[in-house]
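> One line per chain: the protein sequences are C and A, in this order.
The first sequence begins at 1 in the numbering used here and counts up one residue at a time.
The second sequence begins at 1001 in the numbering used here and counts up one residue at a time.
Mixed in with the good hints there might be a few duds.
Claimed, not checked - Selected chain C positions facing chain A (Cβ under 7 Å, derived; list incomplete): (1) V12; (2) L15; (3) E17; (4) N23; (5) V25; (6) A47; (7) M66; (8) Y68; (9) G75.
These are computed hints drawn from the structure, not numbers from a lab.
We put the beta carbon where it would ideally sit given N, CA and C, even for glycine.
Protein chains: 2
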Amino acid sequence: MLEGIDHVALAVSDLDESLAHLNEVWGLDEATRERVEEQGVEEAMLALGDCCLQLVAPAGKDSRLMRYIERRGEGIHHIAFRVEDLEATLKHLKDKGVELIDDSPRPGGGGSLIAFVHPRSQNGVLIELIQRPR
Amino acid sequence: MLEGIDHVALAVSDLDESLAHLNEVWGLDEATRERVEEQGVEEAMLALGDCCLQLVAPAGKDSRLMRYIERRGEGIHHIAFRVEDLEATLKHLKDKGVELIDDSPRPGGGGSLIAFVHPRSQNGVLIELIQRPR
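Please take these sequences and the hints and turn them into a complete structure.
Shown next as structure tokens:
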């Protein structure tokens, strides 16, 4: 069902500062960057072997992510599993009684479809499911 | 410098319960399992595409991980980057002024060498560096 880890997302306060740090210290380069207005975040992807690191920063003061960082601090925010068929995966999870944040696929970056699973039923881990375009 | 993400580690209270859940819901199988007495933890690795998920559970009541879970809850604990030459990577990081938990490589599971980087200087992310045997 799961094809692999697509990316690991880090919540950071200042996207530019974190990107500069990851480049200077770890030699990682920004691959893509986009502002997702409806979620109040700005995201950057950095290739790392076969996976990616994603940086997610609050865009605007009323961002939910800003409140998350104030409460929990910066750090690893979620892990994204790549799936072949997101619709089928969500049906499977519902059948297993798993609590979902998104009941059905919604558009993500780069033409992907995504859905989030609630951390409550997953050992406190926020899981994103992502179906990449073929 | 970094070859990729080796694994993402989840802190869980009950290893057996979490392994059963990951198998039942996500179809993941335990690949290896070991008790690391000096760290007061029991670990399991689960293959997931080219990466691994690692579950880390407290072994014994005075485990540091037990206190971590009491304070922060279960969830993503650290991310491990695979490196070719751990000694050289640690030297590079020291030259960059990065705060290390382990100044020099120490033995990890499966014949690997590992070292941890302090989350303080890395956006709150606990980073493990791991050099796998060739």
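> Tell me if C/V12 is really an interface residue toward chain A, meaning its C-beta lies closer than 7 Å to one of theirs.
Check passed: Cβ of C/V12 comes within 5 Å of chain A, closer than 7 Å.
> Holds or violated: is there a CB of chain A closer than 7 Å to the CB of C/V25?
Cβ of C/V25 sits 5 Å from chain A, so the hint holds.
> Regarding the hint that C/L15 lies at the interface with chain A, is the smallest CB-CB distance below 7 Å?
violated (11 Å)
> Double-check C/G75 for me: the hint is only fine if its C-beta lies closer than 7 Å to a C-beta in chain A.
holds (4 Å)
> Return the status of the interface hint for C/M66: holds when the least beta-carbon distance to chain A is below 7 Å, violated otherwise.
C/M66 check fails; min Cβ-Cβ to chain A is 15 Å, beyond 7 Å.
> Next item in the hint list is C/Y68. Is there a CB on chain A closer than 7 Å to its CB?
With Cβ-Cβ at 12 Å, over 7 Å, it is violated.
> Per the CB criterion, is C/A47 less than 7 Å away from chain A?
Hint on C/A47: violated, closest Cβ of chain A at ~9 Å, above 7 Å.
> How about C/N23: closest beta carbon in chain A under 7 Å, or not?
violated (11 Å)
> Taking 7 Å as the limit, does the beta-carbon of C/E17 come near enough to a beta-carbon in chain A?
violated (9 Å)
This entry does not satisfy hints 2, 3, 4, 6, 7 and 8, going by the numbered hints stated previously.
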